[in-house]
Amino acid sequence: NAGVTQTPKFRILKIGQSMTLQCTQDMNHNYMYWYRQDPGMGLKLIYYSVGAGITDKGEVPNGYNVSRSTTEDFPLRLELAAPSQTSVYFCASSQDREAFFGQGTRLTVV
Amino acid sequence: AQSVTQLGSHVSVSEGALVLLRCNYSSSVPPYLFWYVQYPNQGLQLLLKYTTGATLVKGINGFEAEFKKSETSFHLTKPSAHMSDAAEYFCAVSGITTGNQFYFGTGTSLTVIP
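Taken in sequence, the protein lines are chains A and B. Residue numbers for the first sequence, in the working numbering: 1 to 110. Residue numbers for the second sequence, in the working numbering: 1 to 114.
Hint data in this document are derived by calculation from the structure and do not stem from the laboratory. You may find that some hints are simply not true.
Derived lysine-lysine pairs resembling BS3-like cross-links, with alpha carbons at most 27 Å apart [to be verified]:
1) Lys44(A) to Lys49(B)
2) Lys58(B) to Lys68(B)
3) Lys49(B) to Lys57(A)
For reference, chain B alone in the conformation it holds in the complex (with noise of 0.2 Å):
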């Protein structure tokens, strides 16, 4: 079983600080991590993705994560907020399964604060 977990439902930063919105899993084999960024009225859009190699991940807009397999953990960070970071996010997971399914958290809400 997988399951994601999402601490903080709702985070708030200045303008220009630094963002960090964390994310632990449990899985029974090594997952495949993402972000996903939704703004209002929308659909999901991809941020980043772990999934070998590199365990630092660049993603759009500036974003990064870290996948820490002894922390099982894939905490999403950014050095500056800005106006436009503002949306909800989204942590998921997906595993070796033949159906490739994707398992996601609950959702941080990000405000940033101008």
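With the rest of the complex left out, here is chain A (with noise of 0.2 Å):
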């Protein structure tokens, strides 16, 4: 049981180049998150969905956009990435109120 996987896990990116950060599940659950956690800030909400074909913003996000087309995937994307987004990316998924968190990916904006 994989639980939840993102990739990839350390990326380096230029100004104004994009890419998409995968996440997928396995474990059907309708909902699920992208975080972004910074130092000595905690993790904030950037998207969420309550189920396929449905998305939502959350706290911060500004310059990034998701979708959702299965339950499995969710993936996050950077169209022109700048220097503040530069952070750990995380994705999660829940079910009966507790969270699953994959491993997280580092990217750096250069």
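With the hints as a guide, bring both chains together as one complex.
Here it is as structure tokens:
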């Protein structure tokens, strides 16, 4: 049982480049989330989804986009990377009031 | 609106001493409450959660937390610290919303001194 899988684990982007952070879960959870973690700031919610075809903005959505075409997958898209998007990104899924997290993607924008 | 405050971004305890990590929340409705632990370069792992019922909740690795509605608190404790407890700890809340969002505190880094 893999749980929540994120790829890639590390990535360096140049300013203005785009990329997609992949997230997939095999627990058939309806709820999925993307967070970013910055030192001393805790985790901030970027986007979330309550099921396939439904997404909504979290606390810090600017500069990001998501889609949820299947229950399993919830990719996060950065269209024009900026240094402020340097962070560690976590994908999570939940059911029954418990969230399960992936191992994270460490992104550096230079 | 919901928010979580963790007092003390860094806490140091001696091995074998009591661990106390503080968490207060603000919420317009009674929330569900969680403690997560994060080891270096890893994701978050659930320690314990309070949803309903008994206000003293026991979790993994000997940790427990007590929900005190009157104090809007959910402090995490462990009677005797172990070296392996050194990690970052996050308090989180989620409410009765359709999105089931989780809101996190800023974290407390626990150091255990041998």
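To see whether the hints hold, each was checked on the structure:
With a CA separation close to 20 Å, the supplied pair lysine 44(A) and lysine 49(B) stays within the 27 Å bound. Pair hint lysine 58(B) plus lysine 68(B) holds up; C-alpha atoms about 15 Å apart against a cutoff of 27 Å. Of the pairs offered as hints, the one joining lysine 49(B) and lysine 57(A) holds, with about 25 Å between alpha carbons and a cut-off of 27 Å not exceeded.
Violated hints for the displayed structure: none, as all numbered hints are satisfied.
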